[in-house]
Amino acid sequence: AAAAPSSGGGFTAGAQRPDPLLTDLDGRRVRLDAWQGKWLLLNFWAPWCPPCREELPLLRALQQRAAAHGLQVIGIAEDTPAAVQAFLKATPLDYPVLLPGAGHPGLAFGNTRQGLPYSVLIAPDGRMLKRHYGAFTALELSAWLPPALQ
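Numbering (the numbering used here), first residue to last: 11 to 160.
These aren't lab readings, by the way, just hints derived from the structure by calculation.
Glycine residues also receive a C-beta, built at the ideal position from the N, C-alpha and C atoms.
Some hints could be false.
Ranges between beta-carbon positions, derived for each pair [what the hints assert, rightly or not]:
#1 Glu64 / Ala153: 15 to 23 Å
#2 Leu31 / Pro134: 30 to 38 Å
#3 Leu31 / Gly125: 15 to 23 Å
#4 Arg75 / Val40: 22 to 30 Å
#5 Leu149 / Ala96: 30 to 38 Å
#6 Ala158 / Ala112: 31 to 39 Å
#7 Glu64 / Gln124: 14 to 22 Å
#8 Leu31 / Ala92: 18 to 26 Å
#9 Gly111 / Trp58: 14 to 22 Å
#10 Arg39 / Ala148: 29 to 37 Å
Model the full assembly from the supplied sequences, consistent with the hints where possible.
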């Protein structure tokens, strides 16, 4: 279900996605336009968040399974670069992990509760389609994705 946007950003199903300042782990700016034309699953998470860590294997498996269907999982880690790098050294992920460059990009994508994890599905044309608060179970993730990505 769609929610009305708030002054600090918001989620409206069918609205164009925002373009917040994001950086890679080396501090270089990254734009989501780099994945234009792909399905995007943005997953806001943090290494210190137990439910976030619990759902990472599901997202890793989804990336491996659905990449051929045009899906790109992108993690947006809400922690310091050093903490994220240390976590990824111990728990490698095979999809990009970015950092908020400034502000609260999760809020721009409708995470008005500001809880983690939080996920948003974006269509290849840039429209935000769905959001999910909390960690996915395998069944929830399967039901949440469109048939084209199964």
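Here's how the hints hold up against the structure:
no., hint, in the structure
1, Glu64 / Ala153: 15 to 23 Å, "18 Å, holds"
2, Leu31 / Pro134: 30 to 38 Å, "23 Å, violated"
3, Leu31 / Gly125: 15 to 23 Å, "22 Å, holds"
4, Arg75 / Val40: 22 to 30 Å, "24 Å, holds"
5, Leu149 / Ala96: 30 to 38 Å, "32 Å, holds"
6, Ala158 / Ala112: 31 to 39 Å, "34 Å, holds"
7, Glu64 / Gln124: 14 to 22 Å, "19 Å, holds"
8, Leu31 / Ala92: 18 to 26 Å, "19 Å, holds"
9, Gly111 / Trp58: 14 to 22 Å, "20 Å, holds"
10, Arg39 / Ala148: 29 to 37 Å, "34 Å, holds"
Hint check: a violation occurs at hint 2 only; the rest are consistent with the structure.
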